Amino acid sequence: MKKLLEVKDLVIKFALRTGEVTATNGVSFTLKKGERLGLVGESGAGKSVTGFSIINLISKPGYIAAGKVDFLGEDLAKIGDEKMRSIRGNRISMIFQDPMMTLNPVLTIGTQMTETLHQHNPQMGKEEARNIALDKLRKVYIPSPEKRLDQYPHEFSGGMRQRIIIAIALLTDPELIIADEPTTALDVTIQAEIMELLIELCETEDMGLILITHDLAVVGQVTQNIAVMYAGSVVEKGPTAQVIAEPQHPYTQGLIAALPQSSRHGERLNQIPGMMPTLKDIPPGCAFNPRCNQVMDICKTETPGLRPGKNGNLAACHLYPPGQEEQG
Amino acid sequence: MIAFMIRRIIQALIVIIIISIIGFAIKQSVGDPLRELLGISVSAEEREEFREKLGLNDPWYIQYGRFLGDAARGDLGTSMFYKRPATEVILEKAPATLELVFVSSLIIILLSVPLGIFSAIKPNALFSRFLMGGSIVGVSIPVFLTAIMMVYIFSIKLGWLPSYGRGEVVMVGGWGTGLLTLDGWKHILMPSVALSSIMLPLFIRLIRSEMMEVLEAEYIKYAWAKGLAHKRVWFVHAFKNTLLPVITVGGVQLGVTIAFTILTETVFQWQGLGFMFMEAVERSDAPLLVAYLMFVGIVMVGVNTIVDMIYGLVNPTIRIAGVK
Amino acid sequence: MSDPLLTVKNLYKHFDISGGFLDQIGFSGGKFTRTRTLVKAVNNISFELKAGETFSVVGESGCGKSTLGRTIMGLYPPNSGEILYRGDRIDGLDHQRMLPYRKKMQMVFQDPYASLNPRKTIRQALGDPLCYHNPQLNDGEVKDRIDEVMLQVGGDPQWISRMPHEFSGGQRQRISIARALIVDPEFVVADEPISALDVSIQAQILNLMMDLQQQYNLAYLFVAHDLSVVEHLSDRVGVMYLGTMCELSETGILFERPRHPYTQALMSAIPKLTGGASDHMRLKGEVPTPINLPSGCVFHGRCPHVNQRCIDEIPQLCTLNDGRQVACHGVEEGRI
Amino acid sequence: MSTHGKFKDSFLWYSFKRDKIAIASLLVLVVLIFISVFAPLIAPYNPYDPEMIDIMNSEIPPVWEDGGEKAFLLGTDSQGRDMLSTMIYGMRISIIIGLGAVALQAVLGVLIGLFAGYHGGRLDAFFMRAADVQLSFSYLMVAIFMSAILQAIVGVARFGEIAVPFLILVIGFSQWPQYARTVRGSVLAERKKEYVEAARVAGFTSARIILKQIFPNTLSPILVLSTIQVANAVMSEAALSFLGLGMPIDRPSLGSLINSGFEYIFSGAWWITALPGLLLVILVLSINMLGDFLRDVFNPKLYKG
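As you go down the protein sequences, you meet chains L, Y, U and H in turn.
Per the working numbering, the first sequence starts with residue 1, numbered consecutively.
Per the working numbering, the second sequence starts with residue 1001, numbered consecutively.
Per the working numbering, the third sequence starts with residue 2001, numbered consecutively.
Per the working numbering, the fourth sequence starts with residue 3001, numbered consecutively.
Hint data in this document are derived by calculation from the structure and do not stem from the laboratory.
Take the hints with a grain of salt, since some may be wrong.
To be verified - Across the chosen pairs, the derived CB separations fall in these ranges:
hint: 1; chain 1: Y; residue 1: Pro1123; chain 2: H; residue 2: Ile3023; range: 56 to 62 Å
hint: 2; chain 1: H; residue 1: Leu3219; chain 2: L; residue 2: Glu155; range: 45 to 51 Å
hint: 3; chain 1: H; residue 1: Phe3011; chain 2: Y; residue 2: Ile1006; range: 45 to 51 Å
hint: 4; chain 1: L; residue 1: Gln242; chain 2: U; residue 2: Asp2279; range: 19 to 25 Å
hint: 5; chain 1: Y; residue 1: Ile1006; chain 2: U; residue 2: Ile2311; range: 31 to 37 Å
hint: 6; chain 1: H; residue 1: Gly3068; chain 2: Y; residue 2: Ile1014; range: 58 to 64 Å
hint: 7; chain 1: H; residue 1: Asp3296; chain 2: Y; residue 2: Ile1014; range: 37 to 43 Å
hint: 8; chain 1: U; residue 1: Asp2147; chain 2: H; residue 2: Phe3011; range: 27 to 33 Å
As the list claims (entries may be wrong) - Cross-link-like lysine-lysine pairs, in silico, PhoX-like; alpha carbons within 20 Å at most:
hint: 9; chain 1: L; residue 1: Lys280; chain 2: L; residue 2: Lys310
hint: 10; chain 1: U; residue 1: Lys2284; chain 2: L; residue 2: Lys139
hint: 11; chain 1: Y; residue 1: Lys1122; chain 2: Y; residue 2: Lys1186
hint: 12; chain 1: L; residue 1: Lys83; chain 2: Y; residue 2: Lys1221
hint: 13; chain 1: H; residue 1: Lys3020; chain 2: U; residue 2: Lys2120
hint: 14; chain 1: Y; residue 1: Lys1157; chain 2: Y; residue 2: Lys1186
These numbers come from a predicted model, not from an experiment.
Glycine included, every Cβ here is placed at the ideal spot set by N, Cα and C.
Hey, can you work out the whole structure from these sequences and the hints?
Take a look at the structure:
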C-alpha cells in the first residue's frame, strides 16, 4: 500500500512567557492510504497538538521546532503558507471536538459548505457547489438536505452538527481526515452512530483517518493501528487489536487494566498511581518511570526509544532489548 | 421575529411612559405656571380661582392624564422664554443637533471599523500600538476640552475655521440644513470632530477587543482548518460575529453622544437642542426642559429599539427562534 | 429488608424558562398569546435507596438525571412528589429545619475546577461547613478533623493552606470528596464525579469512593452516563430517558439482559474494548426536547416496537419476575 | 504564609513589575493624590481666602511668558487667583467627588447586582429594567438632568453650598447601572458554578453564600470597573462644572476652571483654560492607563456600554 503520511521526529514547542515548553518530543508514525490510525492518550499527552501540527495549525505560541510531516512527498512543516492553505480543508480535512462551537453561528450551513468548495475550486459555479454540498449531506444521512442547507447551526442538535462537520470534511474528497476527539462531547448512542459513519465513509471513499481520542474502546472499534502517547512521546505502536489484547508498555497495560471492564464487578480497579507530569516537569529518563510498577534503575536516567516488544509491537520501554530501535 | 419585535416595542412604550412620569414630576416641581401667566400682582383669591380653572387642584393622576393626553397631541406646554409652543421650538432646533450627531456618527463608523479591525488582526504592528496608545489618550480628554483646543488652534491661532454657529443654512422642506453649503460644512467640521473625539477611540478599542475575542473562537480555528483565505476568515467569519456586541454598545453610546452634544454645542454656540437646553436651564424654562427631556427620551428609546431590531436581524438565533 | 434510607415518590421537577411577562408574549395567527415554557426535567420518578447501597442513575445528557440528584439534595424545590429521608419528609423544609439533614446528605460534583471556590483555601473549604454544623468545636479539633479527612481521601494534610488552583483535577476531586465527608454523611449524591478526569485518574477516584463506602457504610446515588463505570460499582441501576425512569433493576440482571428498548439501544452503543465492529442498535430520529414531551411513552417516537397504545398511554413501572421494574407496554404485554 | 508573600508571588505583581507604563501611571497618580491631600500645605496661596486675592493681579500669564511674574508660577486667572493654587484645590475637589461618587455607586451597584443576580425573579427584573432605562438615557444625560432640575429648584446660590455632596449623589446615582450590570453578570456566571451548590449543600444561608462565597469572586471585575469609573466620574464632574451645573466659581473644580477660562481664550489668556485642562487630562489618563493594565491582567467580563 502507498504511504500517505509520515510524521518523523516531530518536536513541538510552546514559547511561553516563562520559558519554552516541549509539547511533543520526537513523535513519529506513518499512515498508509486508506488506513485508520488511533492516536490515544490522556489530556496533555500531546495528541491534539500533534494532530494540528499536521496541517500546521498549532495555536500560538506553539510551533514546530523540528521534524517533518511528509504528506505524499511534500514536507508540510516547511511548505509555505499559501501552499499549506491549498491542502488544508482540501486534501486534509479536520473534524473538531465540540460540534457546538465549531460552526460559525451567523452563517448558514450552506454558506459554510460552499465557501470551502469555492476556496479550493475558484472556478466552480454556485449551482455545482450547492449540489456537491447536498450530495455530501446525504452521505452523512442528514434528512431533507435541501431545506437544511439554508439553516443556521443553532437549528441543529449536537449529533447533527457533527454530521455536518463530517460532510464539510468530505466536500473536497480529501485523502486524509484528522478527527480530534470527534465524539467526546456527544452521547454514547450518537457516538456510536458517528463512529460507524466514519468507518463507512473511510472505506467507501478510501480515505485515511487519524482518530485522536482518550477512549481506548472507541479506538478499538474504529482503527486498524494505534499509537499510544504519554507526556509528549509515543510509547507504544502496533495493530489495534494486538495492542489492546497484549499491551507491551507498562503505561498501556496500566491504562487498559484501569478500565472498569478489566475488573470484576465491585472489585477495586487496578489504578496507576500518581498522575501524568505536566510539560514543565517531565522527569529524566522514561517519562513514565515514577508511576511504573516495573521500574528499573536505567529508566530513571535513559530515555528508551521505540523497540519491538514480545509480540512485535513497538514499545518505548527498557523491559525489551534495545538495539533494534526503530529508525524513523 | 415578529414576537421579538412586538416585545421590543412594548418595552419601548413602557420606557416612554416612565420618562413621561419623570417629565411630569419635573413640571410639577419646577416653576409656578400661575406666576408666568398672571404675574405677581394678583390676589390670593383670584389665584385660587385660576388654580381651580386650570385644574391645578385636581389629584395628580388626573393632571398626569391630562399631561399625557396633551403630550400625545404634541402639546408639551409653552416655553416661558420664547412664548411659543415648546414642541415648535424643539422641532426648529432639532435639525442642527441631528445633523451634528449624524456627521459625527459617520466619522465614528467610517474610521472605527477599519482601524478597529486592523488593530485586531495585526495587534503587534507599530500602527496598532500607536492606535492603542493614541486611543487611551483620546478617551481621557473631555469633549469640551477638545472643542476648546480646536477653537484655540484652528480659529484663533490659524484662523482657518469659524469658531461658532452653523454658517449658511438652507431650508429643505421644514428642515434647515447646513450640509448643502460649503460654509455649512466648514462650520460643522470642528463640532462634529470634537463630538466624536471620545467615541471614536472608544469604538476602536471596542471593535478591537471584540474581534480579538472572536478570533480566538473555535469556529475561527475551524475556518482556518478549512483552508479559507485570510480575507474570508477576517471579514466574513470574524467580523460578522464582532458586529453583534458592537451594535448593542453602539445603541447605548449614541445616548452618550447626545449628552455630549450639550457640551459641544455650548462651546461652539451651535444653535441646536443642547444649546437651547442650557439656555432653558439658565432661564428656568420648565416647559422647555420637560419638552427636551421628552424629545430626547423618545429619540433614544426609538434608536435603542431600532438598534435592537437590527441586532435581531443580524443574529440568526433571534431572527429565527425569536428568543433572547 | 431494612427500612429505606431515602424514598422518592412520584417526583416532578419542571423549570419555567419563559422569562418575564414580556418574553412570554407570543404572536401567532394574528393573535397575542401568552405561553409559558416549561422544561419538564423530571417526571414521576419513584425509587428507594437502602443504607450502604450504591444506586446509579444513567442516561444521556438532558435526561434529567442531574436534576433528579439536585432535587433530592434540596437544591431545587420539587413541583410535586415526596422525598423522604429515613421516613421523614424533607422536601419543602425551610432552611432551619433542613439543617440536620444537610449533615447526613452530601454531594460530590462533576467539575473539579468549578466545585471548589477559587478564593478559599482548602482549610476554609473544609473547615467552614464543619464549623457551621458543629459550632462547639475549637480550632484544634477542627484542624484534627480536617487532617483526618485529608488522609482518608488520600490527600496530604500539608495541602490545607493552599489554594485550589495549585491542585490537579484528581487532587481537587479528592478534596471535594473530603469536603463531603467532613460532616460525617450517610448518603452522598455523586454527580458524574469522574467524567471530567483522565482514565488513569478515574480509577483512582472510583477506588477511593468504593473504599470509603465500605469504611463508612455510605449510600451513593451515583449519577453517570458511563455505563461501564455504572456496571462496575452499582448495586442497582435506574435508566432514565427524557425525565422518566424506563427501567430499574439490580445491576447484574440489567446488564445481562436489558428489557426496555431504550436500555437495549443504550447498551448496544457502548464501545467494547474487544470485539471489533459493534452490533449497535440504531435508533431513528433524535431525542425530543423536554419542553414538548411526546404523548404516551416518551420513547415512542424512536422505538422499533411502537404501537398505538404507546402513543396514547403513559406506561407505568411494573415489576417483572426477576425483580426488575420496566416502564414499557411492550414488555408488559409480552411483545418484547 | 503572609499575605505580603502571596502578593509578591502573584501574577498581578509579576505583570506590574514588567509594565513600565503601569508603574509610571501609578507614580503620577500617587503624586497627584498626595498633592491633593496636602493641598493646604503645598499650594502657595489659599484660593478660597478673599484676602489673598487681588483683582489687580488678574490674567497674569505663566512665568515663562512675557509679562509673567515669579510670584505666580503658572499665572493667575480672571479674578486674580494664583493658577497653581487654584488648580491644586480644584484637583482636590475633583478627586473627592470622583472617589465619593464611585464609592456611592459601587455600594449601590454591588449590593443590587449581588442580591438581584443571586435571587433573580421580580426584584432582579425590576432593577435591571430600571438600569436599562437609565442606560438608554446615558449616565451623563441623567447627571445633567438631575443637576439642572435641582439647580432650578433650589436656586443657584444655595446650590453652590451643597455642590460637593450633591455632585457625589448625582454622579453616583447616574452610574450605578454599570456596577449592577457587571456584578450581576459575574454573579450569574458564578452562581452556575458547583462551588455555590456545594455551599448550599453545606446548608449555608443565602446571605452568607452571596457575601462570603460569591462576592470574593466578583472582586476583580469590581476593581477594574472601579478604576474606569473613577476616571468617568472625574470626567462627569468636569463636564457638569463646565456647563455651570457643578462646582461654583468661588470653589472651582478643574471643570469650572476650564469653563471660567473659556471666554478668555479669545483675548489670548489661554492658560486659564489650558493648564487646568492639562492637569485634568493627566489625572484621567493616569487612572485610565492603570485601569487598562488591570483589565489586561484580570481580563474580567465587564458590562459593555
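Hints and how they fare:
At about 22 Å, the beta-carbon gap between Y:Pro1123 and H:Ile3023 misses the expected band of 56 to 62 Å. Between H:Leu3219 and L:Glu155 the beta carbons are some 40 Å apart, a value that contradicts the proposed interval 45 to 51 Å. Against the hinted window of 45 to 51 Å, the Cβ-Cβ separation of H:Phe3011 and Y:Ile1006 comes to about 48 Å, which satisfies the hint. As the Cβ distance of L:Gln242 to U:Asp2279 is approximately 22 Å, the hint placing it in 19 to 25 Å holds.
As the Cβ distance of Y:Ile1006 to U:Ile2311 is approximately 36 Å, the hint placing it in 31 to 37 Å holds. Distance hint check for H:Gly3068 and Y:Ile1014: the Cβ-Cβ separation is about 60 Å, which falls inside the suggested range of 58 to 64 Å. For H:Asp3296 and Y:Ile1014, the hinted distance range of 37 to 43 Å is satisfied, since their beta carbons lie about 39 Å from each other. A hinted range of 27 to 33 Å for the beta carbons of U:Asp2147 and H:Phe3011 is consistent with their spacing of about 30 Å.
For the proposed pair L:Lys280 and L:Lys310, the alpha carbon gap of about 33 Å is over 20 Å, so the pair is violated. Between U:Lys2284 and L:Lys139, the direct Cα distance comes to roughly 16 Å. Compliance with the 20 Å bound is thereby established for this hinted pair. Distance check on the hinted pair: Y:Lys1122 and Y:Lys1186 sit about 35 Å apart at the alpha-carbon level, beyond 20 Å; violated. With a CA separation close to 18 Å, the supplied pair L:Lys83 and Y:Lys1221 stays within the 20 Å bound.
The straight-line distance between the Cα atoms of H:Lys3020 and U:Lys2120 is roughly 32 Å, outside the 20 Å bound, and the hint therefore fails. Between Y:Lys1157 and Y:Lys1186, the direct Cα distance comes to roughly 17 Å. Compliance with the 20 Å bound is thereby established for this hinted pair.
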